[in-house]
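Undergrad: So you can see what is in the structure, the chains are spelled out below.
Protein chains: 2
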Amino acid sequence: MEPLAKGRVCSVERTLDILGDRWIFLILREAYFKVGYYDQFIANLGIATNILSNRLKALVDNGIMAREKDPHDARRIRYSLTQKGLDLYPIILALMKWGDRWLSGSEGPPLTLIHKGCGQKLSPITCCAYCKAEVTARDVEPRHN
Amino acid sequence: MEPLAKGRVCSVERTLDILGDRWIFLILREAYFKVGYYDQFIANLGIATNILSNRLKALVDNGIMAREKDPHDARRIRYSLTQKGLDLYPIILALMKWGDRWLSGSEGPPLTLIHKGCGQKLSPITCCAYCKAEVTARDVEPRHN
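For the record, the sequence lines run as chains A and B. If you read the first sequence in the numbering used here, its first letter stands for residue 158, the second for the next number, and so on. If you read the second sequence in the numbering used here, its first letter stands for residue 158, the second for the next number, and so on.
Hints may be right or wrong, so weigh each one.
Remember, identical chains collapse to one label, so a pair may be satisfied in a single copy or spanning two.
Claimed, not checked - Derived SDA-like pairs: lysine to any residue, alpha-carbon spacing no greater than 20 Å straight-line: (1) Lys278 - Pro267; (2) Lys278 - Ser261; (3) Lys289 - Gly274; (4) Lys278 - Glu291; (5) Lys273 - Val297; (6) Lys191 - Leu243; (7) Lys289 - Cys275; (8) Lys226 - Ser210; (9) Lys273 - Tyr287; (10) Lys241 - Ala294; (11) Lys191 - Thr293; (12) Lys214 - Asp174; (13) Lys214 - Gln197; (14) Lys191 - Val297.
What the hints contain is simulated information worked out from the structure, not anything from laboratory work. Please read all numbers here as calculations on a predicted model, not as lab measurements.
Sequences and hints are given; from them, build the entire structure.
TA: Put into structure tokens, the structure is as follows:
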């Protein structure tokens, strides 16, 4: 993408610079399901090896995933999420929630998440950390720094 | 992208099928800033007219934005977010929060959002709608339906 001519400087764009590819999101989704081996990513995503290698390298270079030797088999490499990668989870949850609500059709959502803390089905909401109220687009006003 | 060979059916992927383009996110970001006119999108994003027309059409076709005549000037068209579009806001907030935390550098976040409900700077967190606790990647277990 061309640089913005007169764009707003914004963390949304900076984040998209790093995540701006569907494969990245799908690799991350698998990683949250505890997938960590190259061959598992291939099997679960049907992704071409060159694309997978390239995207894993980008994730490691950006500090989102770490590359380490399997403790049980030093010839195997395992990819795992760093804290920076774990912190992307709210983005995945927000993508999933919207798809559940607007794209599921009569069959309902294809996957349920259980919140281990309370044992209930997870319905994620976005809240204000200060007052804990749910936040919608209408509740927010921008202030440029 | 090729269809997944053995993929998990998942709302993340369905959502990315619709949003899978950085321009879409940036147009949405502008729309949350109340930008609604074609020439405003061009000026703010430096986007090519053919790309903008194509993405606005996709957003309207998917029910995310609505195309209406400007009440003050019937020759002008205004684009506005539908409820389906407003519901994408948590995705934008999650992208922004991650960028604020991990990509801001010493200057700090470029934009502050104010939560109108309590008047404080908005720090968005993802919570469980049932127990209201903050949810991280480690607190969730998948269950396939």
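Undergrad: Could you work out which of the previously given hints the structure breaks and list their numbers from low to high?
TA: Failing hints: none at all.
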